[in-house]
Amino acid sequence: MRAGDEQVTDAAGGSKRAAVIFNPIKEGVEELRTVVTEVEREHGFGPTLWLETTPEDPGTGQARKAVEEGVDLVIAAGGDGTVRAAVEGLEDSGIPVGLIPLGTGNLFARNLDIPVNDIPAATALAFTGVDRAVDVLRARVRRPDGTTHTEVSLVMSGIGFDAAMIANTDPDLKKRVGWLAYVDAGIRAIPNSAPFRVAHRMDDGRTHRSRVASVLIANLGYLPGNIELIPEAAIDDGRLDVVRLQPRNVWGWLMVWRKVAWENRVLRKTALGRQLIDLTGGNKRREVVYASGRTVDIVIDGEAQEFEIDGEEMGQITAARFAIDPKALVVRVAEQTAERASEEATERATEKAAAGEPPADEELDSELDEAELEAAEAAAEEAVATQPVSGEISTAEIAAADVAASERDDAER
Numbered sequence: 002m003r004a005g006d007e008q009v010t011d012a013a014g015g016s017k018r019a020a021v022i023f024n025p026i027k028e029g030v031e032e033l034r035t036v037v038t039e040v041e042r043e044h045g046f047g048p049t050l051w052l053e054t055t056p057e058d059p060g061t062g063q064a065r066k067a068v069e070e071g072v073d074l075v076i077a078a079g080g081d082g083t084v085r086a087a088v089e090g091l092e093d094s095g096i097p098v099g100l101i102p103l104g105t106g107n108l109f110a111r112n113l114d115i116p117v118n119d120i121p122a123a124t125a126l127a128f129t130g131v132d133r134a135v136d137v138l139r140a141r142v143r144r145p146d147g148t149t150h151t152e153v154s155l156v157m158s159g160i161g162f163d164a165a166m167i168a169n170t171d172p173d174l175k176k177r178v179g180w181l182a183y184v185d186a187g188i189r190a191i192p193n194s195a196p197f198r199v200a201h202r203m204d205d206g207r208t209h210r211s212r213v214a215s216v217l218i219a220n221l222g223y224l225p226g227n228i229e230l231i232p233e234a235a236i237d238d239g240r241l242d243v244v245r246l247q248p249r250n251v252w253g254w255l256m257v258w259r260k261v262a263w264e265n266r267v268l269r270k271t272a273l274g275r276q277l278i279d280l281t282g283g284n285k286r287r288e289v290v291y292a293s294g295r296t297v298d299i300v301i302d303g304e305a306q307e308f309e310i311d312g313e314e315m316g317q318i319t320a321a322r323f324a325i326d327p328k329a330l331v332v333r334v335a336e337q338t339a340e341r342a343s344e345e346a347t348e349r350a351t352e353k354a355a356a357g358e359p360p361a362d363e364e365l366d367s368e369l370d371e372a373e374l375e376a377a378e379a380a381a382e383e384a385v386a387t388q389p390v391s392g393e394i395s396t397a398e399i400a401a402a403d404v405a406a407s408e409r410d411d412a413e414r
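Residue numbers for the sequence shown follow our numbering, beginning at 2 and rising by one.
Wrong hints could be hidden among the right ones.
The calculated label-pair distances, taken between Cβ atoms and stated as ranges, are [said to hold, decoys possible]: (1) Glu-340 / Thr-149: 10 to 20 Å; (2) Thr-129 / Val-290: 41 to 51 Å; (3) Gly-303 / Thr-35: 47 to 57 Å; (4) Gly-303 / Val-251: 15 to 25 Å; (5) Val-251 / Glu-345: 34 to 44 Å; (6) Pro-121 / Asp-205: 45 to 55 Å; (7) Val-251 / Glu-32: 40 to 50 Å; (8) Glu-32 / Asp-302: 49 to 59 Å; (9) Gly-95 / Pro-196: 36 to 46 Å; (10) Gly-303 / Thr-148: 15 to 25 Å; (11) Gly-71 / Arg-34: 31 to 41 Å; (12) Tyr-291 / Glu-31: 39 to 49 Å; (13) Tyr-291 / Ala-346: 42 to 52 Å; (14) Gly-95 / Ala-292: 24 to 34 Å.
Below, simulated SDA-like cross-link-like pairs (lysine to any residue); rule was C-alpha separation at most 20 Å, straight line [claimed, not checked]: (15) Lys-66 / Asp-93; (16) Lys-328 / Asp-114; (17) Lys-260 / Glu-288.
Hints were generated in silico from the structure; no laboratory data involved. Quick caveat, the model's predicted, so the values are computed rather than measured. Backbone N, C-alpha and C define an ideal beta-carbon position, used for all residues, glycine too.
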């Protein structure tokens with residue numbers, strides 16, 4: 002550790018001050034120090050507060066310290082895990098977060114158009130970009146021993162195949178080829194993937210039962226390699242997206258790949274392509290099933306399954322409750338990214354109005370003044386932390402959903 006790390010730096014040299022939370026073992030740290038020093042001076046910031054992560058504390062404690070010291074900007078330099086830990090420590094501080102991607106996947110940064118593999122550009126954006134409010138996923142999970150705990154997710158969480166894939170990723174290959182190591186792990190995991198049954202319930206209160214290879218709960222839509230898993234996902238729409246992967250065999254996995262790599266990435270981009278999907282029955286296939294809402298309860302029927310959050314393996318779970326915390330985080334992005342996001346939000350609102358649906362913000366906090374809004378958000382956050390994890394899904398509901406799922410399976414054969 003360098004002299005001055007985790008020390009409060011005199012901010013007399015400028016009216017504002019930033020804190021950098023960084024993983025000291027990541028490549029590029031020396032360049033980062035040099036670039037930050039140059040940019041902070043150029044834009045009127047005082048000397049930066051440098052906070053190293055540790056294996057025991059990957060960023061949460063450091064973020065809390067930054068808040069205590071009253072910094073104006075927190076920069077998370079690392080991968081998705083570092084960013085997630087820092088966000089957990091910021092809580093509702095309202096301090097904007099700048100991102101300098103130094104990890105493997107960097108999915109959160111990629112989905113926000115943050116420069117990857119370009120420390121000077123990412124640093125300049127962190128200091129000079131515009132603020133954009135984005136959603137955060139909050140999860141409460143139950144372990145096989147019955148204990149529960151809460152987590153934050155910025156990208157997506159997964160139960161089943163995708164979590165097992167991450168757990169089986171070769172760390173040496175990951176260092177050499179980056180996110181392509183996940184592709185290798187996925188190919189190796191498919192022959193050994195075993196389907197399992199889950200009971201799941203969203204905002205409508207109805208319990209459904211499915212036989213799945215994996216369940217993904219997402220805050221955004223793109224995977225590494227610019228693969229668009231969830232075309233309708235938006236990081237600021239006040240909703241979470243649930244994806245059930247339900248291949249029955251190797252052919253089913255090919256259909257999953259066709260869905261995300263061809264239909265979502267190519268065909269859905271044009272009206273003609275969408276018509277082609279309809280004509281070929283793409284929207285009726287069951288290998289990939291989408292749902293959207295503000296909460297989802299998931300109960301695993303049978304053995305506990307592997308669980309991951311934002312590409313980090315988290316062990317096994319038996320149940321989980323996810324809830325969206327709308328626009329709970331402020332991120333520094335490029336002005337054109339914020340403008341495009343605003344245009345897309347307007348388009349979504351127009352489409353909802355045409356369909357007779359209330360916009361997401363009206364559903365969440367219609368006619369609330371500032372004080373009422375803060376109280377409502379606090380109550381929602383408390384509910385996520387205190388409600389039993391999917392405890393209201395009864396055995397009878399699961400049995401009824403199982404019958405419905407069996408009937409649907411028979412009809413599809």
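Now the hints, each set against the structure:
1. Glu-340 / Thr-149: 10 to 20 Å: violated, 41 Å
2. Thr-129 / Val-290: 41 to 51 Å: holds, 42 Å
3. Gly-303 / Thr-35: 47 to 57 Å: Hint holds: Cβ distance 53 Å, inside 47 to 57 Å.
4. Gly-303 / Val-251: 15 to 25 Å: Given range 15 to 25 Å: holds, Cβ gap about 23 Å.
5. Val-251 / Glu-345: 34 to 44 Å: Since the Cβ atoms of Val-251 and Glu-345 sit about 37 Å apart, the hinted range of 34 to 44 Å holds.
6. Pro-121 / Asp-205: 45 to 55 Å: holds, 48 Å
7. Val-251 / Glu-32: 40 to 50 Å: Cβ of Val-251 to Cβ of Glu-32: about 45 Å, so the range 40 to 50 Å holds.
8. Glu-32 / Asp-302: 49 to 59 Å: Distance hint for Glu-32, Asp-302 holds at roughly 50 Å.
9. Gly-95 / Pro-196: 36 to 46 Å: holds, 44 Å
10. Gly-303 / Thr-148: 15 to 25 Å: Given about 19 Å between the Cβ atoms, the range holds.
11. Gly-71 / Arg-34: 31 to 41 Å: This hint is violated: roughly 22 Å between Cβ atoms.
12. Tyr-291 / Glu-31: 39 to 49 Å: For Glu-31 against Tyr-291, whose Cβ atoms are near 44 Å apart, the range 39 to 49 Å holds.
13. Tyr-291 / Ala-346: 42 to 52 Å: violated, 20 Å
14. Gly-95 / Ala-292: 24 to 34 Å: About 31 Å separates the Cβ atoms of Gly-95 and Ala-292, which means 24 to 34 Å holds.
15. Lys-66 / Asp-93: holds, 14 Å
16. Lys-328 / Asp-114: Roughly 18 Å separates the two Cα atoms, so the pair holds.
17. Lys-260 / Glu-288: Since the Cα atoms of Lys-260 and Glu-288 sit roughly 9 Å apart, the hinted pair holds (cutoff 20 Å).
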